[in-house]
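So the chains spell out like this:
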Amino acid sequence: MSLNKLTIKEVQAGLRDKSFSSVELTQACLQRIRENNHHLNAFITISEELAIASAKKADKLLAENKAWPLTGVPFAVKDAICTAGILSTGSSKILGNYTPPFDATVIKKIRSQGAVLIGKNNCDAFGHGASNENSMFGPVHNPHDLSKVAGGSSGGSAAAVADNMCTFAIAEDTGGSIRQPSSFCGIVGLRPSYGRNSRFGIMPMASSFDTVGPMTKTVEDMAVVMQVIAGQDSLDATTVPDSVPDYFSELNKDIKGLRVGVPKEYFETEGMDKEVRQIVQQQIKELEKQGAKIIDVSLPLTKYAIAAYYVLVPSEVSSNFGRLDGVRYGVRSEAENLFDLYAKSRSIGFPEEVKRRILIGTYALSAGYYDAYYKKAQQVRTLIRRDFDRVFSGVDVLITPTSPFPAFGLGEKASDPIALYLADVFVSPASNAGIPGISVPAGNTKEGLPVGVQIMGPRLSEGLVMRVANKIIKK
Amino acid sequence: MSLTIKDVQKIAQLARVELTPEEEKRHALTISTVLEFVKTLNELDTTDVEPTAQVTGLEDITREDVVRECDNKKGLLEQMPSVSGDLLKVPAVFSDSEDVI
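Listed in order, the protein sequences are those of chains A and B.
Using our numbering, read the first sequence as starting at 1 and increasing by one per residue.
Using our numbering, read the second sequence as starting at 1 and increasing by one per residue.
Next comes chain A alone, as it looks inside the complex (with noise of 0.2 Å):
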């Protein structure tokens, strides 16, 4: 088998019984890189020196039985996510030739344990979209289907682990970015419940919403990831300080008398395929079957989501890509005066839709419309928290499908923002809320296209949404 398909459990296992060495596993992995990231276009920097580098310290710790969980384990960390020494641009121009002198809390605790940095992977810049087509270094293509896309925004990141170019990836999701793009390229993604995990070294988006999660082959590798990565940081102030739960001995508690919510909503929206309807019921069935409850509950707020969304979240862009202006750090366009530096910059250094968001942001934000747009939508987000609140008082956790359709094809909804927006109608509310939600491969479409289930549970729950999607066999 090629060492580049393994989980990190084999992983694990591999390197302590000297089946195979660090170094080779990493070889492994930037073979199929070089094979195959010119069709995908899931690597924008690929740090081979760094990591054959990290990799020959690895083997060394292993040799002298020093290993912790991911010692020699090679992953890769979407590119709006600080990584000291390498490039880390956004996938965008103003920071095109940006390389941090820092890396972000959860890089660091996962390099500090041994584990192999790969490279940094293609996303839409800054996080702005659902289908890695707003990167200003090109798309990502879906490694089952290259004329689909891989989702977003972090496509480049679910494309490197579906085909096998890292054994993990840490990426971003603020209204969908991880659970979508794992959903459209069959793999496990996680968004941690807001506050689990630190925020320090994101390239921050929407400040409220950012979430920072693993993306694995597997829901027992998400629970070794999120082991090593959740938890307090001095850094992030809004990190919670309750104690990081055993996620392991979760995975292997049964379901049964686990009452499972089906919201009707997330099955009855317009325009949702019917296979992957018949995918997530089918396997909500199988659930039933291992012994949970199934109830079902209606999440009428569900449909509102994404209107809040994109009034919150542009409104915090707006604010919070003052700081890319040119003047610090990053690409700085020549201009006669600073109102120039700043305008020429970020419209050379900007793709369109992060355009789009400052601008609409900005205006929400001004005077006369602040109460009209963001304080109703903050208002609504709300009752949106409320409607989760209710509906877990009756039920422990909650199934859907992660998105409503399977991956689209590239272009297909590219013209049209409102078309792009909707692909995270079942993702965003869980943004909203702050709770976490975990997208698991359920089967195939005829075409063989991955399609996805998401379980969402309150809020730091992690353990028990894992918990039922490692029950969740793919068909």
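Quick caveat, the hints were computed from the structure, so don't treat them as lab data.
It is possible that some hints are incorrect.
Here are the simulated lysine to aspartate or glutamate pairs, EDC-like style, with alpha carbons at most 16 Å apart [unchecked claim]:
#, chain 1, residue 1, chain 2, residue 2
1, A, K344, B, E18
2, B, K39, B, E23
3, B, K25, A, D416
4, A, K303, B, E43
5, A, K375, B, E43
6, B, K25, A, E353
7, B, K25, B, D7
8, A, K344, B, E23
9, B, K39, A, D371
10, A, K56, A, E24
Position chain B against the provided structure of chain A, taking the given hints into account.
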């Protein structure tokens, strides 16, 4: 709510983004569509509903107010587009000034 080209120019100026005439046209059209779409929020009665600004419930998270040394000054300086010694170089802020630092 329909945005005119003039509206877009005004917002773009506030946001410090230079747009081409084609971009102005496209943004006027697409942003108007987005504003129309988000109007669906008005179907909901939000009288006396508290707005949500954050979801953790954490309050007053503070740290000691002490000066800490930057552990990678050189790394930060290397990322600056233009420097003069250990200082960041920017164009003159006032148009009648010839100072560059």
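Results for each hint:
{"no.": "1", "hint": "A:K344 / B:E18", "result": "holds, 6 Å"}
{"no.": "2", "hint": "B:K39 / B:E23", "result": "violated, 24 Å"}
{"no.": "3", "hint": "B:K25 / A:D416", "result": "holds, 15 Å"}
{"no.": "4", "hint": "A:K303 / B:E43", "result": "holds, 11 Å"}
{"no.": "5", "hint": "A:K375 / B:E43", "result": "holds, 15 Å"}
{"no.": "6", "hint": "B:K25 / A:E353", "result": "holds, 14 Å"}
{"no.": "7", "hint": "B:K25 / B:D7", "result": "holds, 11 Å"}
{"no.": "8", "hint": "A:K344 / B:E23", "result": "holds, 14 Å"}
{"no.": "9", "hint": "B:K39 / A:D371", "result": "holds, 13 Å"}
{"no.": "10", "hint": "A:K56 / A:E24", "result": "holds, 10 Å"}
The earlier numbered hint that this structure contradicts is number 2, and it is the only one.
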